[in-house]
Amino acid sequence: MRRIRIIPVLTLQNEKLVKTIRFKNPTYIGDPINAVKIFNEKEVDEIVILDITATKEKREPNYSKIEEIASEAFMPFAYGGGISTLAQIEKLFKLGIEKVVLNSVLETNMNLVTEATKIFGSQSIVASIDVKKNLFGKNQAYKISGTTKVDIPLLDFVKQLEQAGVGEFFINSIDKDGTYTGYDLALINKISSHVNAPIVACGGACAIESFLLAIQNGASAAAAGSMFVYTGATRGILINYPKQEDLVSKIYQLI
Amino acid sequence: MLKRIGAKTCISSNVDEIEQAEKIILPGVGHFDFGMRNLKQSGLIEVLNKKVLKDKVPLLGICLGAQLLGNRSEEGVEKGLGWINMDVVKFDSVKMPENYKIPHMSWNEIEIKKSSKLLEGLNNKSRFYFVHSYHMKCNDENDVLTNTNYGYEFTSAVEKDNIFGVQFHPEKSHKFGMKLLDNFVKI
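Residue numbers (the numbering used here), protein chains in the order written: chain A, 18 to 272; chain B, 22 to 208.
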């Protein structure tokens, strides 16, 4: 039996936990520390926490909040948002996080990836790629919380990042974010067959079955935001996570 | 997590502080040579040898810290601490199904090979978080504490006298890891 990681993604606006739909309309969810404590009790595999306004507001990571979260997180913790230098990455690892998630800096400074992986190991450097389809249905990478196009074609972009040393790709579909319509399986399939590094699928998950499909289409792990902070598409707030026996019978034993 | 357990801890690379320690945890993520050179440069090898081999202070190596307990690693050229008769080898992708990626980055179960104070209250269903591309390979089967399956069976924890090493990350493994660390603190 092979276990794959099922990862809650929490999006922050500085210290507030919010959830977006297609990267828009952030809705207040609550306090990130509370959410992490509940995720401890639920024994989640890993958490990803992204400060989605840090780069847009030209802020550095909120180190004190991240340290507080890290001291409460009894599972691997990946942080992203507002990271653009090696010094910031080093500071974040000292606070007790396991992985840094890079996004906006990737296009302009791929060298940062190479330098960081040399020091901290490729397993700790995650490239987050936000993807949106253009009018002609072609996948396009975006940065700065989905506001700015990356000029490099998507598949070239991921290939270059892999060559730079990225240990993992976090592929987030902007079109699917918060929609409960399932992952963009074609996108996952396309990227996972183009690079060897593990892919974490994100955007659109609506049920355990979504995770299974993501894995069957080449993802190494599956992440979700809305599904783990809402009761369902009606969006009542409830921090939740599948039971271990369901993950075993509905995913691990089938892959 | 150690704070939560109630252990008094300090992070140290200071010879005098380590001399005072009742228990030692040797952590580490990264390159084998980098880890050994760091220990050498900070002048810690001598005091660690004394504390562990002569004073018999319990020591727990975690991840790279566990690998450093062995003789050598395929990852680098530096010699290990040599306290446990084992080598560190790269995951052999030839022996693994195609969809098993390296590094082994996931939760996984342990198969307990001998009874140990370190694993009290834990069992073969206990889950731990792993991130590694190289694994331990004991030359003496008696040193194997647990095995884990990732494409094939590899040694995920070792124990010899007062020396313990775990490939996984107890500090990131929920109640299972907390139990293991609590056990270690109480040894």
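Misleading hints may appear alongside valid ones.
Claimed, not checked - Listed next, the in silico BS3-like pairs over lysine-lysine satisfying Cα-Cα at most 27 Å (straight line): (1) B:K116 x A:K59; (2) A:K260 x B:K77; (3) B:K196 x A:K260; (4) B:K200 x A:K260.
The set of hints was computed from the structure by calculation and includes no laboratory data.
Every value quoted in this text rests on a predicted model; they were computed, and no experiment measured them.
Hints, one by one, checked against the model:
1. B:K116 x A:K59: violated (34 Å)
2. A:K260 x B:K77: violated (42 Å)
3. B:K196 x A:K260: Since the Cα atoms of K196 of chain B and K260 of chain A sit roughly 15 Å apart, the hinted pair holds (cutoff 27 Å).
4. B:K200 x A:K260: Holds, at about 21 Å.
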